[in-house]
Amino acid sequence: MQIRSVKSLSKSFYLHCVRQASKFARHQHDQVVFMMSFPSTSEYILEKLYERYQGRLVICYTKNAQGMAIEYKKKGCQVYPLDTFDVLLRKIVPILKNSKVIVCDNYFAVLGGIDFLESTKIIQIWHANGAIKKFGLEANYAKHATQIDQKRYQEVYARYTHYVVSSQHMADIFAKSYHTSIEVLPFGYPLTDRYFDQKIKEQVEKKYHEDNPEQKKLALYVPTYREHYQENPIEIDYMQQALGEGWHFMIHPHPHDHFLKKKIADNGKQTSKLDHWPLSDLLFVADCLITDYSSVPFEYSLANPAGKTVYFCYDLNEYIETVGVQESFIEETSKKSVDSNEALVREILTTSHDDSTEFNKKWNAFPQGNAAKQLIDWIDKQYAN
Numbered sequence: 005m006q007i008r009s010v011k012s013l014s015k016s017f018y019l020h021c022v023r024q025a026s027k028f029a030r031h032q033h034d035q036v037v038f039m040m041s042f043p044s045t046s047e048y049i050l051e052k053l054y055e056r057y058q059g060r061l062v063i064c065y066t067k068n069a070q071g072m073a074i075e076y077k078k079k080g081c082q083v084y085p086l087d088t089f090d091v092l093l094r095k096i097v098p099i100l101k102n103s104k105v106i107v108c109d110n111y112f113a114v115l116g117g118i119d120f121l122e123s124t125k126i127i128q129i130w131h132a133n134g135a136i137k138k139f140g141l142e143a144n145y146a147k148h149a150t151q152i153d154q155k156r157y158q159e160v161y162a163r164y165t166h167y168v169v170s171s172q173h174m175a176d177i178f179a180k181s182y183h184t185s186i187e188v189l190p191f192g193y194p195l196t197d198r199y200f201d202q203k204i205k206e207q208v209e210k211k212y213h214e215d216n217p218e219q220k221k222l223a224l225y226v227p228t229y230r231e232h233y234q235e236n237p238i239e240i241d242y243m244q245q246a247l248g249e250g251w252h253f254m255i256h257p258h259p260h261d262h263f264l265k266k267k268i269a270d271n272g273k274q275t276s277k278l279d280h281w282p283l284s285d286l287l288f289v290a291d292c293l294i295t296d297y298s299s300v301p302f303e304y305s306l307a308n309p310a311g312k313t314v315y316f317c318y319d320l321n322e323y324i325e326t327v328g329v330q331e332s333f334i335e336e337t338s339k340k341s342v343d344s345n346e347a348l349v350r351e352i353l354t355t356s357h358d359d360s361t362e363f364n365k366k367w368n369a370f371p372q373g374n375a376a377k378q379l380i381d382w383i384d385k386q387y388a389n
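Counting from 1, position 65 in the sequence shown corresponds to residue 69 in the numbering used here; the numbering is continuous, with no gaps.
Don't read these hints as lab results, they were simulated from the structure.
Check each hint, because a few of them may be wrong.
[Unchecked claim] DSS-like cross-link-like pairs, simulated, lysine-lysine; straight-line CA separation at most 30 angstroms:
1. Lys273 with Lys95
2. Lys137 with Lys221
3. Lys27 with Lys125
4. Lys210 with Lys265
5. Lys273 with Lys221
6. Lys95 with Lys77
7. Lys137 with Lys266
8. Lys155 with Lys180
9. Lys137 with Lys27
10. Lys52 with Lys15
11. Lys52 with Lys365
12. Lys155 with Lys210
13. Lys220 with Lys339
14. Lys125 with Lys339
15. Lys277 with Lys266
16. Lys95 with Lys27
17. Lys366 with Lys340
18. Lys221 with Lys267
19. Lys125 with Lys180
20. Lys15 with Lys27
21. Lys203 with Lys180
22. Lys78 with Lys104
23. Lys340 with Lys277
24. Lys67 with Lys340
25. Lys365 with Lys203
26. Lys52 with Lys340
[Stated by the list, open to error] Pairwise CB distance ranges, derived in the manner of DEER restraints:
27. Ile152 with Lys78: 38 to 44 angstroms
28. Ala162 with Gln234: 30 to 36 angstroms
29. Thr184 with Ile334: 53 to 59 angstroms
30. Gln172 with Asn271: 41 to 47 angstroms
31. Glu325 with Ala113: 24 to 30 angstroms
32. Ser344 with Ala310: 22 to 28 angstroms
33. Asn271 with Glu346: 38 to 44 angstroms
34. Glu331 with Lys385: 45 to 51 angstroms
35. Glu187 with Glu218: 46 to 52 angstroms
36. Ala113 with Asn144: 18 to 24 angstroms
Just so it is clear, CB atoms sit at the ideal spot from N, CA and C, and this is done for glycine as well.
Build the full structure now, drawing on both the sequences and the hints.
Next comes the structure, spelled out in structure tokens:
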């Protein structure tokens with residue numbers, strides 16, 4: 005309890021410093037700021053923003069997004085690391101304070117310490133177009149946080165002025181998770197544009213035939229990231245052997261899941277050319293998606309509407325207790341949820357393909373293939389006013 009109190013106080017001091025630094029910033033500029041912590045999911049919209057705004061685009065990034073930020077620095081964009089406190093106070097805070105438009109792909113604590121101008125628009129695009137696990141103030145770990153921490157969370161949530169969503173259902177989840185009413189931009193999650201692009205799909209399928217000459221079916225395992233280490237019980241050798249020669253079993257670990265990455269490396273048998281493919285391409289060609297509490301199914305249902313999804317929830321009860329899942333998850337996935345390697349193989353081999361029609365009506369009602377364009381057109385209007 006004492007450690008939690010010290011952490012809360014240090015974070016409060018952090019916001020105090022941010023608040024003081026923001027008092028000296030007064031002149032609004034015409035730059036567009038992108039706050040990035042998920043480079044893999046933000047790459048698409050970042051590319052579109054750069055095409056439109058070039059040197060006007062400013063990127064504030066977390067440590068894990070440094071590689072992509074450096075690429076945009078080479079293109080002439082200003083980029084600043086959020087993890088360097090000196091840079092945060094001297095550079096980032098004044099830029100944020102004076103911004104007219106800020107686009108975020110996640111929760112950024114620094115926002116809670118700045119009193120923005122009334123004309124500033126802060127857009128939350130998030131890093132997914134749906135949600136299985138609970139987040140924000142609805143997550144169990146947040147419910148058990150100190151009152152100081154909960155107040156700090158709410159100060160950040162209160163700064164967002166608009167939310168880009170793929171469905172009214174996701175908008176309702178945001179409102180419930182952040183305990184606030186929200187202003188919706190019903191454009192669709194920007195990355196979903198790729199799944200409507202026939203040219204991209206044809207290119208991916210052509211490359212798939214080249215990199216998969218034996219034409220094996222692909223079982224793609226994409227587990228969610230768990231904050232605390234827990235041994236993943238997936239048995240790589242067993243899965244490949246049990247599925248048989250006609251299948252290729254592949255794991256696409258979360259970028260931060262170093263334990264699962266080590267397990268794959270120690271196994272030494274995941275050596276297909278497909279291992280180097282981006283997830284957004286793999287979703288087009290995967291015959292079966294295996295996941296748990298990840299948001300990947302919401303993209304997969306667009307990329308491959310006739311594919312099938314199986315949920316490997318070996319720690320469901322523990323996960324519900326520590327994090328929490330959306331109320332409808334268990335009911336909607338009970339027939340496709342398993343907790344052992346043996347049951348997983350049976351489900352992959354026997355489950356019929358999904359009909360994603362109703363699923364997409366619920367979660368992907370807004371995407372039409374032009375989400376990025378709609379967002380950029382909306383941003384342009386803010387500068388025209």
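Going through the hints against the structure:
1. A threshold of 30 angstroms between alpha carbons decides the hint, and for Lys273 with Lys95 the separation of about 46 angstroms lies outside it, so the pair is violated.
2. Only pairs whose Cα atoms come within 30 angstroms are accepted, and Lys137 paired with Lys221 is accepted, the gap being roughly 29 angstroms.
3. The suggested pairing of Lys27 with Lys125 holds, with an alpha-carbon distance near 19 angstroms, which does not exceed 30 angstroms.
4. For the hint pairing Lys210 with Lys265, the CA-to-CA distance comes to about 28 angstroms; that is within 30 angstroms, so the pair holds.
5. The hinted pair formed by Lys273 and Lys221 meets the criterion: a straight-line CA distance of about 17 angstroms does not exceed 30 angstroms.
6. Restraint check for Lys95 and Lys77: the C-alpha separation of about 15 angstroms stays at or below 30 angstroms, so the hint holds.
7. Restraint check for Lys137 and Lys266: the C-alpha separation of about 25 angstroms stays at or below 30 angstroms, so the hint holds.
8. At roughly 16 angstroms between alpha-carbon atoms, Lys155 and Lys180 fall within 30 angstroms of each other, so this suggested pair holds.
9. Distance restraint check for Lys137 and Lys27: the Cα-Cα separation of roughly 37 angstroms exceeds the 30 angstroms cut-off, and the hinted pair is therefore not satisfied.
10. Distance restraint check for Lys52 and Lys15: the Cα-Cα separation of roughly 34 angstroms exceeds the 30 angstroms cut-off, and the hinted pair is therefore not satisfied.
11. Proximity of Lys52 to Lys365 is assessed by CA-CA distance (about 27 angstroms); at most 30 angstroms being required, the pair is judged to hold.
12. Between the alpha carbons of Lys155 and Lys210 the distance comes to roughly 51 angstroms, so the proposed pair goes past 30 angstroms and is violated.
13. Using a Cα cut-off of 30 angstroms, the hinted pair Lys220 and Lys339 holds, with the two alpha carbons roughly 26 angstroms apart.
14. Taken as a hint, the Lys125 and Lys339 pair is broken in the structure, with Cα atoms around 43 angstroms apart against an allowance of 30 angstroms.
15. The straight-line distance between the Cα atoms of Lys277 and Lys266 is roughly 19 angstroms, inside the 30 angstroms bound, and the hint therefore holds.
16. Restraint check for Lys95 and Lys27: satisfied, since their Cα atoms lie roughly 13 angstroms apart, inside the 30 angstroms limit.
17. The suggested pairing of Lys366 with Lys340 holds, with an alpha-carbon distance near 18 angstroms, which does not exceed 30 angstroms.
18. Using a Cα cut-off of 30 angstroms, the hinted pair Lys221 and Lys267 holds, with the two alpha carbons roughly 23 angstroms apart.
19. The straight-line distance between the Cα atoms of Lys125 and Lys180 is roughly 21 angstroms, inside the 30 angstroms bound, and the hint therefore holds.
20. Using a Cα cut-off of 30 angstroms, the hinted pair Lys15 and Lys27 holds, with the two alpha carbons roughly 19 angstroms apart.
21. About 38 angstroms separates the Cα atoms of Lys203 and Lys180, which puts this hinted pair outside 30 angstroms; it is violated.
22. For the hint pairing Lys78 with Lys104, the CA-to-CA distance comes to about 24 angstroms; that is within 30 angstroms, so the pair holds.
23. Between the alpha carbons of Lys340 and Lys277 the distance comes to roughly 29 angstroms, so the proposed pair stays at or under 30 angstroms and holds.
24. As the CA atoms of Lys67 and Lys340 are separated by approximately 37 angstroms, the hinted pair breaks the 30 angstroms bound.
25. For the hint linking Lys365 to Lys203, the alpha-carbon distance of about 24 angstroms falls within 30 angstroms, and the restraint holds.
26. Only pairs whose Cα atoms come within 30 angstroms are accepted, and Lys52 paired with Lys340 is rejected, the gap being roughly 37 angstroms.
27. In this structure the supplied range 38 to 44 angstroms holds for Ile152 paired with Lys78, their Cβ-Cβ distance being about 41 angstroms.
28. For the pair Ala162 and Gln234, the beta carbons lie near 34 angstroms from each other, so the given range of 30 to 36 angstroms is met.
29. A hinted range of 53 to 59 angstroms is violated for the C-beta pair Thr184 and Ile334, which are about 27 angstroms apart.
30. Range check, Gln172 to Asn271: about 43 angstroms between beta-carbon atoms, so the 41 to 47 angstroms window is met.
31. At roughly 26 angstroms, the beta carbons of Glu325 and Ala113 sit within the given window of 24 to 30 angstroms.
32. Between Ser344 and Ala310 the C-beta distance comes to about 27 angstroms, which sits within the given range of 22 to 28 angstroms.
33. A C-beta distance of roughly 19 angstroms is found between Asn271 and Glu346, which places it outside the suggested range of 38 to 44 angstroms.
34. At roughly 37 angstroms, the beta carbons of Glu331 and Lys385 sit outside the given window of 45 to 51 angstroms.
35. Between Glu187 and Glu218 the CB atoms are about 51 angstroms apart, so this pair conforms to the stated range of 46 to 52 angstroms.
36. A C-beta distance of roughly 20 angstroms is found between Ala113 and Asn144, which places it inside the suggested range of 18 to 24 angstroms.
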